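> Let the hints inform the model, and build the full structure from the sequences given.
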Amino acid sequence: MGYLKYISRRLFYGILVLFLTFTGSFFLLFIIPGDAAGALTTGGEGANLAAALQEQRELLGLDRPIQTQYLDALWGALHGDFGVSFREKIPASTVYFDAFGNTLRLASVGLLLAIVVGLAVGLLTQAVHLAWLREILLAVPPLFVSLPIFLTALLLLQLFAFTLGVIEPFGDESLTGLVIASLCIAFPGGANIAQLLAVNLERTMRSPYVETLSNWGLTRREILYRHGLKNAVLPVLTSFGTTVGNIFAGTVITETVFSRNGVGRIIVDAVNAKDIPVVLISVTVSAAIFVVVNLLVDALYPVIDKRIQVA
Amino acid sequence: MATTRTRLVALSVAAVVVAGGVAGCGSGGGEAAEKQGKEGGTAVIALTSDQQGVDAASLNDVRENVTRQLTDSLVYRNPKTDEYEPWLATKWTVADDASQYTFTLRDDVTFNDGTKLTAEVVKANIEALQQKGVHSTPAGLVHGVKVEAVDEFTAKFVLPRANAGFLSSISRADVGIVSAATAAKPLAERQKSIDGTGPFTLVSWEANRAVVLKRRDDYNWAPASIAHDGPAYIEELRYEVIPEEQVIYESLKSRKVDFFEAVNPLQVNTLKSAGVQISDVIGSPGLAGEQPLNVSNPILRDKRVRQALQYAIDRDAINKATWLGKNQPAANIFARTNPFWTDLSQYLGYDPAKSVRLLEEAGWTKVGDDGIRVKDGKRLSLRAAQNSPTTQIEQEEWKKIGVELVIDPPLRAEANKRILTGEYDITYWEQTYPDADILRANYGKTSGSNRSILDPSNAEDAALDALLEKQAVTSNADERKQIVNEAATVLVRDAYTLAVLERGKVWALGKRLHDVTPNGVDQLFYTAWLSS
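Protein sequences appear in the order of chains W and C.
The first sequence: position 59 = 59 (my numbering), numbered continuously.
If you count the second sequence from 1, you need to add 1000 to reach my numbering.
Don't read these hints as lab results, they were simulated from the structure.
Quick caveat, the model's predicted, so the values are computed rather than measured.
All C-beta atoms in this analysis are idealised placements derived from N, C-alpha and C, irrespective of residue type, glycine included.
One or more of the hints may lead you astray.
[What the hints assert, rightly or not] Think about it this way: if two alpha-carbon atoms lie no more than 30 Å apart in a straight line, the pair counts; the simulated DSSO-like pairs of lysine-lysine are:
(1) W:89 x C:1123
(2) C:1511 x C:1481
(3) W:89 x C:1146
(4) C:1366 x C:1303
(5) C:1146 x C:1116
(6) C:1378 x C:1399
(7) C:1326 x C:1399
(8) C:1303 x C:1253
(9) C:1399 x C:1375
(10) C:1354 x C:1326
(11) W:89 x C:1116
(12) C:1378 x C:1320
(13) C:1272 x C:1253
(14) C:1156 x C:1123
(15) C:1417 x W:89
(16) C:1326 x C:1272
(17) C:1192 x W:89
(18) W:306 x W:5
(19) C:1185 x C:1123
(20) C:1354 x C:1366
(21) C:1132 x W:89
(22) W:89 x C:1214
(23) C:1320 x C:1399
(24) C:1185 x W:89
[Unchecked claim] Computed footprint of chain C on chain W, listed as stretches where at least three residues anywhere in the stretch have a Cβ under 8 Å from a Cβ of chain C:
(25) 50-62
(26) 86-94
Spelled out as structure tokens, the structure:
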């Protein structure tokens, strides 16, 4: 019963976060100066720009009171209708979800690589016996955490597209292209996981209970895999939501450098153009992903560690 | 004004095309033979941003590239002679007062959807561009114009006011002719797909990815002065969206991209050494790189202050910093490629000592502790709406004469509004069409965008505005030229606007692409071909 109550409370917070994200971004767009009419008339050479601005404002409904615009947008969103993109003139959901699959693939592969490599490196720091190798394994993650994605992306593209010719320099949709692009976000993500795991394994393996287990006759390896990992992985899990968030954020630059269509690029363009419907669907879906991931993490806690009370 | 920041920078500086001198674009006699058997192929063209569609009626950035391949115009502006030549119209007459233009259309032109070009279609085109939501550029070009289909192939344009520059307007891709079905579509639909009479047709448009055009095999109505007839050589044009410019340059070097329209001049030498063909500077035929000054600011109301700014611009330094010295300093507010250009360089010299004299004459004699001049407790501080190498150099130069320039660019989405309301002292703009009427569109108070925020109660401002209005209704060419020159002289001499460098672009052509024809800044791929 306690578990169900725990989950419902988390769910309520999740919905609250979604509502606040939607509302916050809507009003933020109004606080930032300028509007979509201004963006749409950019570059106009006509003699009567002031009239052109007013005409666009009326066509887009931007001349209505802000509360009317907000309630309309909210009502629509509750029905899954985010309206028509101001600049693309097609439904915002089409603009977004046409690109979403690409980003999801990129982020998933990046995340998978980050988890696999991150966990492996983290574990190896305790599993290897060679001191110099251990030093290297401990030294590499902090370096990779701070790798600027833009630089990694350009270097990877230079190597794989222009030097080796393994992928096309732009718009490569092959699996190889996907994996290489995803490396940009996998590096910092994986390094983060490795770093957290290594530190916590180190601490766990020094705790008194490990000594006790050792005295009972268990080998270091048995202790590491059966007991140490289980305890050390919890902080990694806690930060998993942030890792996912960072990986999605990293897709923006990766998509730009690799000329891949994706929501990262769409959201940047939409914010620049004040394309409210596209911005709203983008932040709402992103927030929903974040909420769901955190909800899953919260749901997993008590399952992994029975000591955690959920009442 | 352009869309992206990088383009703004590229466009705010400027240049001139040396007639016919575009690298790889010459058309020597020997090449005709060489072209034999060189038909077909796919040219890959890089774009830095998603264009959101293909229709210049609602989008600003497609006219020079994608739309120009899809649609033709009634008349063709020959960039070498500045004359207007037959294209979809075989001939035309202009009423004495330049308020009526009657075009006789070719009777053998078809749209991509198979329908025929008639006067009714032309009428529907202009009416479609007068609906709400059309981008201000095409809307402004045909504002108030009524078209009468006199017979099947005769279309009479009745203008709301005399407009001696109307042939220039109608020659632009912004008002390129589309089929009746396209004209009837809601704007939102035509944004993504249009049927024209152009040498290429649209195959697909994919957001943030690519626009693909295919050659039209039955195309046979190119302007006579273009040294090619029949269908285009190249089979397919692929416009690829590549947002990171460095990737475009690398792709040009490794022959993955064949064409890029806006090379950063600072990249030119590196590209050349890798075998990429670089065009001469393709001059925009409108105005030179201009910075309107806001005369509604009491400080700038005094023309001596404006002139002081003018004489403290080191154009050579700006040319070196932004173009490696390959561009030319402006010598008029008009670009050198504009038929109305005259040499006004006498007002555009670099003479900081004169600037100081002018400022002191204007009463700005005291210099504060921070090196900025003060008068009646007010600092000589101005705000610029653009952050570019040009404004940065001006900031340094003007500081030397005691003027502070605060660079505080607005967001793109608010730029128009804030500039139009006179919030900035030094702004920027762009006009690309080769006629004098752009001066009115830009600076006119009565019927223009009033870039310098003229005050009708000020005698000098009113006189300038009157000149700008008068040129538009003067049909006698010589008389008009004289009025225009008078207006341009006032704008330049009295520094209502600062003309800096010529405005232009540099094209890059990969090793295998040849003969892309520039018309103004429009790219005509009709004449282009690929070597093996």
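> Taking the hints in turn, state whether each one holds.
Structure-based check of each hint:
At most 30 Å may separate the alpha-carbon atoms for a hinted pair to count; residue 89 of chain W and residue 1123 of chain C meet this at roughly 25 Å. This hinted pair does not check out: residue 1511 of chain C and residue 1481 of chain C have alpha carbons roughly 43 Å apart, beyond 30 Å. Distance restraint check for residue 89 of chain W and residue 1146 of chain C: the Cα-Cα separation of roughly 28 Å lies within the 30 Å cut-off, and the hinted pair is therefore satisfied. Pair hint residue 1366 of chain C plus residue 1303 of chain C holds up; C-alpha atoms about 19 Å apart against a cutoff of 30 Å.
At most 30 Å may separate the alpha-carbon atoms for a hinted pair to count; residue 1146 of chain C and residue 1116 of chain C meet this at roughly 21 Å. In summary, the hint linking residue 1378 of chain C to residue 1399 of chain C is supported, as the alpha carbons are separated by about 16 Å, within the 30 Å threshold. A distance of roughly 26 Å separates the Cα atoms of residue 1326 of chain C and residue 1399 of chain C; the hinted pair therefore holds under the 30 Å criterion. As the CA atoms of residue 1303 of chain C and residue 1253 of chain C are separated by approximately 49 Å, the hinted pair breaks the 30 Å bound.
Only pairs whose Cα atoms come within 30 Å are accepted, and residue 1399 of chain C paired with residue 1375 of chain C is accepted, the gap being roughly 16 Å. Our distance criterion of 30 Å between C-alpha atoms is met by residue 1354 of chain C and residue 1326 of chain C, whose separation comes to about 27 Å. Distance check on the hinted pair: residue 89 of chain W and residue 1116 of chain C sit about 29 Å apart at the alpha-carbon level, within 30 Å; holds. A C-alpha spacing of about 34 Å is found between residue 1378 of chain C and residue 1320 of chain C, which places the hinted pair above 30 Å, so the restraint is violated.
Distance hint between residue 1272 of chain C and residue 1253 of chain C is fulfilled; the C-alpha atoms sit about 9 Å from each other, no more than 30 Å. Restraint check for residue 1156 of chain C and residue 1123 of chain C: the C-alpha separation of about 9 Å stays at or below 30 Å, so the hint holds. For the hint pairing residue 1417 of chain C with residue 89 of chain W, the CA-to-CA distance comes to about 23 Å; that is within 30 Å, so the pair holds. Between residue 1326 of chain C and residue 1272 of chain C, the direct Cα distance comes to roughly 14 Å. Compliance with the 30 Å bound is thereby established for this hinted pair.
With a CA separation close to 9 Å, the supplied pair residue 1192 of chain C and residue 89 of chain W stays within the 30 Å bound. With a CA separation close to 17 Å, the supplied pair residue 306 of chain W and residue 5 of chain W stays within the 30 Å bound. A hinted pair counts as satisfied when its Cα atoms are at most 30 Å apart, and residue 1185 of chain C with residue 1123 of chain C qualifies at roughly 15 Å. Restraint check: the Cα-Cα separation between residue 1354 of chain C and residue 1366 of chain C comes to about 17 Å, which is no more than 30 Å; the hinted pair holds.
Distance hint between residue 1132 of chain C and residue 89 of chain W is fulfilled; the C-alpha atoms sit about 14 Å from each other, no more than 30 Å. Between residue 89 of chain W and residue 1214 of chain C the alpha-carbon distance is near 25 Å, which keeps this suggested pair within the 30 Å criterion. Taken as a hint, the residue 1320 of chain C and residue 1399 of chain C pair is honoured in the structure, with Cα atoms around 20 Å apart against an allowance of 30 Å. A threshold of 30 Å between alpha carbons decides the hint, and for residue 1185 of chain C with residue 89 of chain W the separation of about 13 Å falls inside it, so the pair holds.
Only residues whose beta carbon comes within less than 8 Å of a beta carbon in chain C count, and the stretch 50-62 of chain W has 7; three or more means the coverage holds. Using a Cβ-Cβ cut-off of 8 Å, 4 residues of the stretch 86-94 of chain W lie near chain C, which meets the minimum of three, so the contact claim holds.
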